[in-house]
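Chains as they are written, first to last, in the working numbering: chain D, 155 to 488; chain W, 155 to 488; chain Y, 155 to 488; chain V, 155 to 488.
In case anyone wonders, no lab produced these hints; they're calculated from the structure.
Possibly wrong hints are sitting among the right ones.
[Unchecked claim] Once the Cα atoms are required to be at most 25 Å apart in a straight line, the calculated PhoX-like pairs of lysine-lysine come out as:
no. : chain 1 : residue 1 : chain 2 : residue 2
1   : V       : 318       : V       : 332
2   : W       : 450       : D       : 349
3   : Y       : 332       : Y       : 405
4   : V       : 318       : Y       : 349
[Stated by the list, open to error] Reference listing, derived: stretches of chain W covered by chain D, where coverage requires no fewer than 3 residues with Cβ under 8 Å from a Cβ of chain D:
no. : stretch
5   : 389-402
6   : 474-482
All values reported here derive from a predicted model rather than from experimental measurement.
Each residue gets a CB set at the ideal place from its N, CA and C atoms; glycine is no exception.
There are 4 protein chains.
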Amino acid sequence: MSSSFGINIKYSIFGQSHGNAIGVLIDKFPVGEQIDFEELNKFLSRRKPGQSDLTTKRNEADEPIFLSGLNEQNITCGAPLCAMIKNHDTRSQDYANIYDTPRPGHADYTAWLKYKGHADLRGGGHFSGRLTAPLCIAGGIALQILKRREIFISAKLIEAGGAKDALMFQTIRDAAAKGDSVGGVVECVIDYPEKFAGLGEPMFDNLESQLAKVLFGVPAVKGVEFGAGFGAAKLRGSQNNDEFRIDDNGKIHTLTNNSGGILGGITNGMPIIFRTAFKPTPSISIPQKTVSLSEKKDAEILIHGRHDPCVALRAIPVIEAVAACVMLDLISIS
Amino acid sequence: MSSSFGINIKYSIFGQSHGNAIGVLIDKFPVGEQIDFEELNKFLSRRKPGQSDLTTKRNEADEPIFLSGLNEQNITCGAPLCAMIKNHDTRSQDYANIYDTPRPGHADYTAWLKYKGHADLRGGGHFSGRLTAPLCIAGGIALQILKRREIFISAKLIEAGGAKDALMFQTIRDAAAKGDSVGGVVECVIDYPEKFAGLGEPMFDNLESQLAKVLFGVPAVKGVEFGAGFGAAKLRGSQNNDEFRIDDNGKIHTLTNNSGGILGGITNGMPIIFRTAFKPTPSISIPQKTVSLSEKKDAEILIHGRHDPCVALRAIPVIEAVAACVMLDLISIS
Amino acid sequence: MSSSFGINIKYSIFGQSHGNAIGVLIDKFPVGEQIDFEELNKFLSRRKPGQSDLTTKRNEADEPIFLSGLNEQNITCGAPLCAMIKNHDTRSQDYANIYDTPRPGHADYTAWLKYKGHADLRGGGHFSGRLTAPLCIAGGIALQILKRREIFISAKLIEAGGAKDALMFQTIRDAAAKGDSVGGVVECVIDYPEKFAGLGEPMFDNLESQLAKVLFGVPAVKGVEFGAGFGAAKLRGSQNNDEFRIDDNGKIHTLTNNSGGILGGITNGMPIIFRTAFKPTPSISIPQKTVSLSEKKDAEILIHGRHDPCVALRAIPVIEAVAACVMLDLISIS
Amino acid sequence: MSSSFGINIKYSIFGQSHGNAIGVLIDKFPVGEQIDFEELNKFLSRRKPGQSDLTTKRNEADEPIFLSGLNEQNITCGAPLCAMIKNHDTRSQDYANIYDTPRPGHADYTAWLKYKGHADLRGGGHFSGRLTAPLCIAGGIALQILKRREIFISAKLIEAGGAKDALMFQTIRDAAAKGDSVGGVVECVIDYPEKFAGLGEPMFDNLESQLAKVLFGVPAVKGVEFGAGFGAAKLRGSQNNDEFRIDDNGKIHTLTNNSGGILGGITNGMPIIFRTAFKPTPSISIPQKTVSLSEKKDAEILIHGRHDPCVALRAIPVIEAVAACVMLDLISIS
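Whole structure, please, built from the sequences with the hints as guidance.
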């Protein structure tokens, strides 16, 4: 099931950027959980386009409609939960030319290789960043459920176009002004009560594997690291090992957290820390070299339409959503 | 199934470092494939301990015994293939103390959190790097099958302890001399014929997700990146986008390969490139701070026994094995 | 994933009888298949209530709305296909009492055991026979795709309330007149071209296992048998074995078909035959003994509302749908 | 994964009848469970051939060797459990002719259709009834674990060759005397404490679906029914519905048990009852018509070697094993 993830809970994403609707189906969600719609919409609005001068102008209401999974009191009832968002502001004609001249950095060419003429490439189709909206519906609800269990998740942009702190926003604006875009790195921290130390499974269902699998399913992600990550490769064991200590209350902790809270794929009680690298938004307003698939010759493309100067910026709540979905899944496994 | 991976083909790893045997069960492997045992053993010997002054002295014959899956001509017959390696050189007493004083950087503490007193921690148990041996059996066979389809996979160490090229081996020796260890980065390249362009699935079963999931299941891995990876986060779209061109034979290629051959999670015909960051071997011959779980107080541990100064070095064939298993799985999906 | 089935193609059913909508999500459906909506609606109408004096009066338009998975030409595009049916004719008040006094033969009591007060029991909730409507959307499309590959599926009622042929319809009417209901047996035959002989997997993914798993997911099913089925248990090997013969064209067939076209779980070229036993519709208009869950004492219930006198009758297209979904899945596995 | 089953726990069977070994790999088995080897061997001996005049003479020690999953105290440790049985008494030459002239009622022909010349057909290969031995290892351990939770499982032969009670054993002997075989029906009852009422999942992971899926993976099974089963199809709703009553202790029960303890796929507190129909052993000592695959013409076959006159008889512990594996899986799902 290519558009699904999760071990106990199954999250399945559907939709194409310019189809009738996008949505998510969640099977084996916890039962008896009230959904706070206001809080959910607030979370979704963080991902929404058109929120600031740093994001695309596409205007989508992005109001989730719940089709199933709730009882009359809007409490999860054990049946699979399905929620969708209707697509309104679709401009298919914007994408007419990409069927022949694939956009560099996009999935147009590989979708054509795989699905041939049948692919729905409008706005990236099923490969579009817009598909992160239903992921955020699932994640937004998961965040509410986790909060009730005192698990807190928070992500932030720590780098954009090579710059950090205040400078990185200037870097985004500079790129945008030139019709260009920049990449970025999002860091996420998960804090959890001591009772969730020991969470995760050995080997390929471990917490790092599960998070990485879903993160690389988010469009534009090209790297994932935990704790010291690639930096750990530069260290010695005596530097990188997190030594254990016990406090007066008998709580065990580590003096450093190079492991990012994960040893052998299982939580050790320290905060979980991971970073995700996003490539620059491939859609830019600068002419680019491509090929004509029909004429089998070199061509040029100028991408019209709306796009974000830094996809990493809008991806912050998406990363939180991924972390929430995976954490909720793991605590649901017996 | 926590110790399994694969979408169509299922690879399941079993065993504990100092149990009776370690092994692999492979379901839905391609039928009609002859296994070249000599070539397989040659591949396995690359991972074997005791091969040089840079690796641990533990001496394991590591001869795979095939229990099922082959017909009388040693050709895969459609039944699940099971192969095991018996554990001989086990020294359980070396690990007696780790049940109480968990080793920093190892899974001892988290295994104890999860499995309590029942965990088999000897030599890392099911979390041991030794479990990569059966992974290499699967991968070694997969490499043979892929080679027949002209898919070639090759990994190498590109960085150790922050050093590159010849210097990195000196860095490893320096650390070893001090009873310390270093981390490292392994780069892997997958080359494939044009007909396998378009390989992979959308979203969470995409090639990057599948590779990352398995790579993070390899002990000591803390980071994975594709193509320009974390470097892409520093670039502008106009720099990072790989522009398309077509050659005289009608073959489409990209002028750069920042995507690492993967767009939208699907192969675009260019070589697949990814890098894996390994933390330093956590076992070092230097006293470390830890805690006594029984006495609930601070303690110290000095790890005896055998260990590698740079686990990334021995992991090179493991990375090739992972890449081979995942590629064979993907080309087996209809 | 409890409400899903399929090995390569994943079919996931969602919705509750009296929720907002019911629907199906299909991942990895074949690409490039045109959907004939008229033919699909004709198929769906066979399952629809209110078609004759033998079925319930509930009136549902049951028009599927396609949310995703099709391109602008209504051809499957590779993205997951989602279709839903809105629930209109819901009368929640009809079901107010069943939360306290569970209906005999229904899942009210077991849903309450599992989900406690959070269950949505209205009309059976997620356990309702109404959930077979989205199953029929998936199956109706699968039937179209299979027909293009010359695989034909046909089911019929062969027994009701112990009676056969014309008499069985009279038996249904008799029961209905008394506010009672009857069980029934549906037989299904799958005919396929020679090239699909050899279809299926060994052991637990075999064709019988896959069909049985899905069939027992259809409400009211209590038995499944293939070929001679329970009758085979009464035979001798010399009677039950289907002997092989070869015709002038080199086509191999069996002289009898007690195996129902399946040997070792794999098709042998002969028609696939299976029978499904349905219990009588549990909703009857006769007072029944039950208990009050709140008062913890014996009680009585008289079920109002609409129901079918023989659920097996309306299940005929459902059985065809199940067979089609499973067959399409199996021919999609490499 | 065709030779696996289970939702939370994964049971994977491997081996061919006349290969090196047969075995089972179990992932996510409960942790901290002591294995009573004596009791396990006693259970396995019930399935073993050569136990009476009613079973085949093949003599296999069938001693399970545990490769992984246990700690030094033979307690399950959380790592995947692998156990194997070596094949000793193999007589490959007995099966030389079946590669060309497939045995009626066996999987020889369909295995050839699927795997062509690569199939290992000796003694049925991976399709052999011998593969139920590792299933019984898993089931035997599961039975021990379930017993500790007061879940008891018991199966018996209730019909053979159409006869019941004492007569059925005579029927088996009669058939055996003529070199023939008979089919049979095995009934299984699962008794469990009240706290496991409410066990199972909705739709396709329901208890009936899970049991049926695995049961149809057992060689020679052609029918499965729960409670009144096919008999329910002959009843009226007023007869078949199990009415509820409550006793003085507040325990709810049903007055009849036509549902076999399962409503909506979920346990209702009453004993679980199901019946499995086995076809007659296809191997008989009577000449049968078949075809020569190489010469493409009609042929005859006389099967030498060892076989059971009634496979249902030896399948009794296999049915208990299946029930135990599935029940343990279900109670392990959160």
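Hint-by-hint comparison with the structure:
1. 318(V) <-> 332(V): Given pair residue 318(V), residue 332(V) holds - Cα atoms ~20 Å apart, limit 25 Å.
2. 450(W) <-> 349(D): At roughly 17 Å apart (the allowed maximum being 25 Å), residue 349(D) and residue 450(W) satisfy the hint.
3. 332(Y) <-> 405(Y): violated, 53 Å
4. 318(V) <-> 349(Y): Violated. Residue 318(V) to residue 349(Y) sits at ~42 Å, over the 25 Å cutoff.
5. 389-402: With 12 residues in contact (Cβ-Cβ under 8 Å with chain D), the coverage given for the stretch 389-402 of chain W holds.
6. 474-482: With 0 residues in contact (Cβ-Cβ under 8 Å with chain D), the coverage given for the stretch 474-482 of chain W is violated.
Hints 3, 4 and 6 from the list above are not met by this structure, while the remaining hints are.
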